[in-house]
Amino acid sequence: MSFGRLPTDRRLLAGVAGLVLAALLAVEVLFPANPVTDVGAVLVTIVADANYVSSVLRLTVPIAFAALGGIFAEKSGVINIGLEGLLIISAFTSLAAAAALGGGDPNQTQLWLGFGIAVLVSTLFALLFAIVCIEFKADQIIAGLAVWLIALGLAPFASKVIWGQVNSPTIGTFNNWTIPVLSEIPFVGPVLFDASPMVYMLLVAVVASWYALNRTSFGRWIEASGENPKALDTVGVDVRRVRYTGVLLSGFLSGIGGAGLAIGRVGQFIGGGTTMVNGRGWIGITAYLFGNYNPFGAFGASFLFASLDALQFRLQQVGYNIPSELIGIIPYVTVVVVLAFVGRTRIPSAAGDHYESGEE
Amino acid sequence: MSDSDRDESGPGRIGRTLGRLVDASAVERILISLAALALSVVVGALVVLVSGFILSPCASSPFLATGFGDFCYDPLEVYWVLLQGAFGSTFNLAITLKETTLLVFTGLSVAVAFRAGMFNIGTQGQLVLGALATGLAVLWVAPFVPAGLVGGVVLMGVGLLAGAVVGGVWGAIPGALKAYADANEVITTIMLNFVATGLAFTLVSEVFKDPESQTVQTRSVPGNAEFPPSLLEVQDFSIFVLVGAILLAVGIFWLLRGTTFGYDLRTSGEQPEAAEYGGVDSKRMMVSSMALSGALGGIGGAVYVLMVAGYWQSGIPDLGFDGITVSILAGNNPIGVLPAALLFGALKGGSLAIEFDLAVPKELVGVLRGLVILFVAMPEFFRMIGARYGYGGDDYAVAADGSGADDASDADTDSEPDDASETDGETSQIDDSGLEDGGDGR
Chain L
10 MSFGRLPTDR RLLAGVAGLV LAALLAVEVL FPANPVTDVG AVLVTIVADA NYVSSVLRLT
70 VPIAFAALGG IFAEKSGVIN IGLEGLLIIS AFTSLAAAAA LGGGDPNQTQ LWLGFGIAVL
130 VSTLFALLFA IVCIEFKADQ IIAGLAVWLI ALGLAPFASK VIWGQVNSPT IGTFNNWTIP
190 VLSEIPFVGP VLFDASPMVY MLLVAVVASW YALNRTSFGR WIEASGENPK ALDTVGVDVR
250 RVRYTGVLLS GFLSGIGGAG LAIGRVGQFI GGGTTMVNGR GWIGITAYLF GNYNPFGAFG
310 ASFLFASLDA LQFRLQQVGY NIPSELIGII PYVTVVVVLA FVGRTRIPSA AGDHYESGEE
Chain C
7 MSDSDRDESG PGRIGRTLGR LVDASAVERI LISLAALALS VVVGALVVLV SGFILSPCAS
67 SPFLATGFGD FCYDPLEVYW VLLQGAFGST FNLAITLKET TLLVFTGLSV AVAFRAGMFN
127 IGTQGQLVLG ALATGLAVLW VAPFVPAGLV GGVVLMGVGL LAGAVVGGVW GAIPGALKAY
187 ADANEVITTI MLNFVATGLA FTLVSEVFKD PESQTVQTRS VPGNAEFPPS LLEVQDFSIF
247 VLVGAILLAV GIFWLLRGTT FGYDLRTSGE QPEAAEYGGV DSKRMMVSSM ALSGALGGIG
307 GAVYVLMVAG YWQSGIPDLG FDGITVSILA GNNPIGVLPA ALLFGALKGG SLAIEFDLAV
367 PKELVGVLRG LVILFVAMPE FFRMIGARYG YGGDDYAVAA DGSGADDASD ADTDSEPDDA
427 SETDGETSQI DDSGLEDGGD GR
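Each protein sequence line maps, in turn, to chains L and C.
At the far end of the first sequence sits residue 369, using the numbering used here, and the numbering has no gaps.
At the far end of the second sequence sits residue 448, using the numbering used here, and the numbering has no gaps.
These are calculated hints, taken from the structure and not from any lab test.
Take the hints with a grain of salt, since some may be wrong.
Stated by the list, open to error - Counterexamples of contact, computed for chain L against chain C with all Cβ distances above 12 Å:
hint, residue
1, A59
2, Q117
3, L158
4, V197
5, V200
6, S205
7, N223
8, E232
9, Y253
Unchecked claim - Derived SDA-like pairs: lysine to any residue, alpha-carbon spacing no greater than 25 Å straight-line:
hint, chain 1, residue 1, chain 2, residue 2
10, C, K215, L, G337
11, C, K368, L, Q277
12, C, K215, L, E334
13, C, K215, L, P332
14, C, K368, L, A109
15, C, K215, C, V175
Think of the CB as a built atom: it goes at the ideal place given N, C-alpha and C, for glycine as much as any other residue.
Using the sequences plus the hints, can you model the full thing?
Next comes the structure, spelled out in structure tokens:
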């Protein structure tokens with residue numbers, strides 16, 4: 010009941026404990042024939058595998074980028090619950106643009122162009138959301154839901170217009186960037202120095218976001234815009250502009266995440282059901298709440314969720330005959346468990362509020 | 007300047023919003039819904055136009071050929087075909103009414119939660135699990151009841167009950183998580199949708215699968231358990247169920263307006279602190295309102311099995327998400343859900359025709375679904391472009407009936423570890439609550 014009053018690290022610890030507990034419980038339920046310890050041993054060998062860790066990093070990309078974007082928006086005072094929609098839009102756009110530029114088989118340059126266009130489109134969507142929230146004073150939660158639902162309708166609609174079906178054809182993905190010599194280091198080399206460009210971008214973005222939020226005046230404006238907009242106004246900074254920047258950054262970063270998922274990893278847009286994004290934007294929101302609005306914390310939480318996501322592939326490869334749909338729900342169950350533990354995060358006090366400058 | 011003063015404290019916003027809400031008459035809310043709908047149709051037409059341009063060169067002769075490219079789709083024709091597809095023949099009308107019937111349940115489900123100040127995005131999951139429970143319960147009970155009408159009625163009762171109970175329990179989970187652990191229900195309900203779909207799929211594929219079917223589905227329920235096609239003599243639609251849905255909407259309306267429970271539920275949604283002050287156990291109310299909401303979603307699932315499909319199958323349509331639009335369009339009013347469901351049912355019914363006749367993807371309805379929510383969420387926009395009521399720079403951050411805005415601020419309140427730190431916000435809320443109750447005029 011009093012989680013909010015616990016210090017952050019204690020809460021984080023409780024959250025991690027909850028995660029481990031949930032995972033163990035899931036394992037116990039899933040493998041009645043195999044005692045937990047046995048599976049534990051298998052898990053350890055999987056987790057210690059460099060391939061596994063690098064696949065987790067790739068899976069972290071969309072979640073963590075969405076989370077970073079969410080931090081900027083929410084800290085500035087606009088709760089952007091439409092991150093999932095932004096991921097969907099950019100995932101679709103990246104594929105559509107790259108395929109349009111390069112026919113069925115775009116080269117690396119065309120992929121990067123598609124990537125850029127996707128990030129742009131996602132940012133424009135975020136701009137739309139910002140206008141709706143800031144100019145037209147829409148309820149942020151409902152407008153965010155609308156962004157998600159519009160994307161959920163628009164992407165499969167456009168897929169069907171372009172490709173005649175909700176899924177796109179398969180195209181190539183970004184080549185890995187291999188750093189000579191360093192990539193030869195055992196374990197660390199293949200994980201960190203022979204990775205998808207998206208992974209490098211993510212690592213840079215996490216550090217840059219932390220720096221921007223904690224060491225620059227822009228970071229202080231973002232903070233003030235969400236905590237005490239009137240004070241910010243008083244010192245002569247335009248609150249609306251800070252909030253626009255925050256939301257646009259969430260669109261920009263989610264754009265990288267969505268495009269990174271579609272043409273960074275999968276090479277296809279899948280538009281059926283909840284689309285290929287499959288709740289990663291919502292998981293991203295949970296990740297930054299879990300990480301208490303700290304980019305490093307959000308990255309860590311995203312990595313945790315992604316590792317659960319990656320586990321399902323690996324467990325099947327190892328040969329456990331468990332229905333994939335059942336393993337597939339583990340990350341979502343974990344999100345619910347984590348939310349139950351970290352529910353009482355302290356969100357910026359003016360987040361969700363419309364701010365009206367006194368001069369108007 | 008006083009605006010910016012109040013902007014500082016989160017909870018103060020609830021009172022502010024509701025203060026304004028008193029001024030917003032029912033007529034105005036209806037006008038906003040209609041305007042939002044009209045604007046969505048216009049933007050939808052643009053989407054159609056642009057997608058026709060992207061598609062060019064067209065398969066058949068273009069509707070509009072310009073120097074810089076061809077437009078393949080004529081938006082007016084699309085909407086005309088949509089309308090005809092929705093009401094053009096008895097068969098089409100039945101399809102529309104079938105969708106309407108299902109949407110009444112999911113719309114009511116979302117509306118009840120909204121009224122209690124909760125966003126139930128999880129109606130979809132509650133519906134999926136409710137549908138599975140219905141299918142399994144009916145199959146399980148069927149051998150023990152006589153064939154024919156009597157047995158059929160028993161089976162329908164069992165099916166509806168099973169759907170309601172399982173949907174209700176599944177809905178109560180995010181309610182309890184919100185009440186006792188402060189977990190944001192928007193995220194938990196969405197996550198539980200994924201969990202529900204995965205669980206139901208696994209249960210059916212591993213345990214309850216129809217051995218004769220290639221796809222993941224249960225065995226069909228016996229024919230006498232399915233609602234009889236009537237009036238329009240078209241499969242998958244029964245007028246009895248539609249009448250039942252209408253009665254249910256009236257019942258929910260009465261429950262919210264005419265009973266103590268309903269009063270407590272609404273007060274908890276609009277003025278949580280005031281409700282608490284008046285002796286309502288707000289935590290228990292969160293759980294019970296979400297359970298009621300989930301039960302309604304579960305009944306929707308039961309109707310899907312007993313009226314439409316005849317069995318549980320994977321890939322149940324997005325009825326829960328459509329329910330969000332229906333509820334928001336209806337201003338979260340149970341009676342308003344009826345026309346909103348009809349409207350949306352018509353869109354869904356007609357969408358099959360536009361895909362079949364014009365090759366315009368039926369997913370267009372999904373786009374409209376989102377647009378409607380977006381535009382209803384920004385009434386200020388319509389005020390700005392429409393009549394200038396003299397509201398000027400006033401804040402009107404309210405969705406359909408204000409419960410949406412409450413919830414956003416709710417999150418603010420929750421963020422405080424202890425309510426004591428927000429004394430001024432609370433005071434303003436309690437002040438406004440008197441105003442609100444009087445002004446809401448029931």
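Holds or violated: K215(C) with E334(L), Cα cutoff 25 Å?
-> holds, 15 Å
Hint consistency between K368(C) and A109(L) [alpha-carbon to alpha-carbon, up to 25 Å] | holds, 23 Å
Nearest-CB test (12 Å) between chain C and S205(L) = holds, 25 Å
Taking 12 Å as the cut and beta carbons as the points, is A59(L) off the interface with chain C?
-> holds, 29 Å
For the pair supplied as a hint, K215(C) and P332(L), is the alpha-carbon distance within the 25 Å limit?
-> holds, 14 Å
Reported absence of L158(L) from the contact zone with chain C (all CB gaps over 12 Å) | Contrary to the label, L158(L) does not stay out of reach of chain C, its closest Cβ about 4 Å off (not over 12 Å).
Within 25 Å, alpha carbon to alpha carbon, are K215(C) and G337(L)?
-> Distance ~19 Å between K215(C) and G337(L) Cα, so the pair holds.
Minimum Cβ distance from E232(L) to chain C greater than 12 Å, as the annotation requires | holds, 15 Å
Beyond 12 Å from chain C, beta-carbon-wise, is V197(L)?
-> holds, 34 Å
Would you assess whether Q117(L), listed as outside the interface, keeps its beta-carbon beyond 12 Å of every beta-carbon in chain C?
-> holds, 25 Å
Decide, holds or violated, for the assertion that all CB atoms of chain C are farther than 12 Å from the CB of V200(L).
-> holds, 29 Å
Satisfaction of hint between Q277(L) and K368(C), Cα-Cα up to 25 Å | Measuring from Cα to Cα gives roughly 22 Å; hence the hint holds.
Comparing the model with each earlier hint shows a violation of hint 3 alone; every other hint is respected.
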